[in-house]
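*Asks:* One letter stands for each residue in the lines below.
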Amino acid sequence: MIILAAVTAVLLLVSFIFNAAKTISALRIALRMFLNLLPQMIPVLFFIAFILALLPPETIEKYMGQDSGITGFLVAGAAGSIALIPGFVAYPMAGVLVKNGVSYPVISVFITTLMMVGILTLPIERKFFGWKVSITRNILSFAAAIAIGTAMALLWRFL
Amino acid sequence: MKSYFKKNKYEIIITFLMGIFVLFSHIYDYKIGIDSARNFSDSIIEMISFLPLIFILIGLFDVWIPRGVIEKHLGENSGMMSIVWMVLLAMLQAGPLYGAFPVAYMLWKKGTSVRNIFIYIGAFTTMKLPMLSFEIGFLGLKFSLLRTILSMPVFIIIAVIMQKKFGKSFSMNDGKNN
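Chains as they are written, first to last, in the working numbering: chain A, 1 to 159; chain B, 1 to 178.
What the hints contain is simulated information worked out from the structure, not anything from laboratory work.
C-beta: ideal position from N, C-alpha, C; glycine also.
It is possible that part of the hints are untrue.
Covered stretches of chain B, as calculated for chain A (at least 3 residues, CB under 8 angstroms) [unchecked claim]:
{"no.": "1", "region": "11-18"}
{"no.": "2", "region": "42-54"}
{"no.": "3", "region": "143-152"}
One-sided excerpt, in silico: chain A residues whose CB lies under 10 angstroms from chain B [claimed, not checked]:
{"no.": "4", "residue": "Leu4"}
{"no.": "5", "residue": "Thr8"}
{"no.": "6", "residue": "Ser15"}
{"no.": "7", "residue": "Ile17"}
{"no.": "8", "residue": "Ser25"}
{"no.": "9", "residue": "Leu27"}
{"no.": "10", "residue": "Met33"}
{"no.": "11", "residue": "Met41"}
{"no.": "12", "residue": "Ala49"}
{"no.": "13", "residue": "Lys62"}
{"no.": "14", "residue": "Gly65"}
{"no.": "15", "residue": "Pro86"}
{"no.": "16", "residue": "Met93"}
Please build the complete structure, drawing on both the sequences and the hints.
*Replies:* Below, the structure is given as structure tokens:
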């Protein structure tokens, strides 16, 4: 957090010295993105907060924790394939989930399917690629997410 | 300001209802409601202190990175370098997956191979720089590095499979009709 703040401050200063106008437009972009995100994020974060209050930590640990195995992957994969959450909301949400006992490999499956597999956006994808290509791509991507999660689970402890 | 409220009216209504729910939870001592409120305020405080920093970085990135340089190389189709250009192009994008499809269509019209189109899609989904900065911020550098390194060979394999399976018959539409 402190490192991030320092890096941002230095870059901002350097940018300002080189080109003040560009820097101001960068700040304007930042403010606009922040204001656009905030209203979307509040309901999602509250929803997660509510779910977390509802579920005892042991339940989360059991189904999505370190030793949840394939169950955790399938739950996370299914959720990620269906959900339509923008990345800007998904990462903060993932951060909260990790703090509450969801394991990193399970989160990686959720994030990967969220980004690569889109069941609800399949009708859009098909308009560009056709059904056959789109469905193949989605199935391969789902398998890829499980593979990435498995590799994560194997490597995580050693690094 | 008025249009901002109008655009986000559903979110604002939901936020308002949330507030009422929390208020009543406190009055009637409803434990789940009180816990939700505490969980929520923990995470929202973190978000609000953290997000502006990341957005400033993304803003700076947006005004300083020359996308044109990369776009010039898009015609190139063979060898390792074309993969590097595809990945670089994808890393500079932002937005949801379906935002990548029109770009993929443009690439296809320019003569990009099937393999490279899917490398673009793969890199777009897993390696966008603005997203990576978010990922590092919320999940840590270790997670982000590991996931990215593991994802890269995986989406290249997917692209190769797509090329093998659909290479000859592959065609794209502009997404507007049918």
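*Asks:* Each hint should be assessed against the structure and marked as holding or not.
*Replies:* Each hint, compared with the structure:
no.: 1; hint: 11-18; verdict: holds (count 5)
no.: 2; hint: 42-54; verdict: holds (count 10)
no.: 3; hint: 143-152; verdict: holds (count 5)
no.: 4; hint: Leu4; verdict: holds (5 angstroms)
no.: 5; hint: Thr8; verdict: holds (5 angstroms)
no.: 6; hint: Ser15; verdict: holds (5 angstroms)
no.: 7; hint: Ile17; verdict: violated (13 angstroms)
no.: 8; hint: Ser25; verdict: holds (6 angstroms)
no.: 9; hint: Leu27; verdict: holds (6 angstroms)
no.: 10; hint: Met33; verdict: holds (5 angstroms)
no.: 11; hint: Met41; verdict: holds (7 angstroms)
no.: 12; hint: Ala49; verdict: holds (4 angstroms)
no.: 13; hint: Lys62; verdict: violated (19 angstroms)
no.: 14; hint: Gly65; verdict: violated (16 angstroms)
no.: 15; hint: Pro86; verdict: holds (6 angstroms)
no.: 16; hint: Met93; verdict: holds (9 angstroms)
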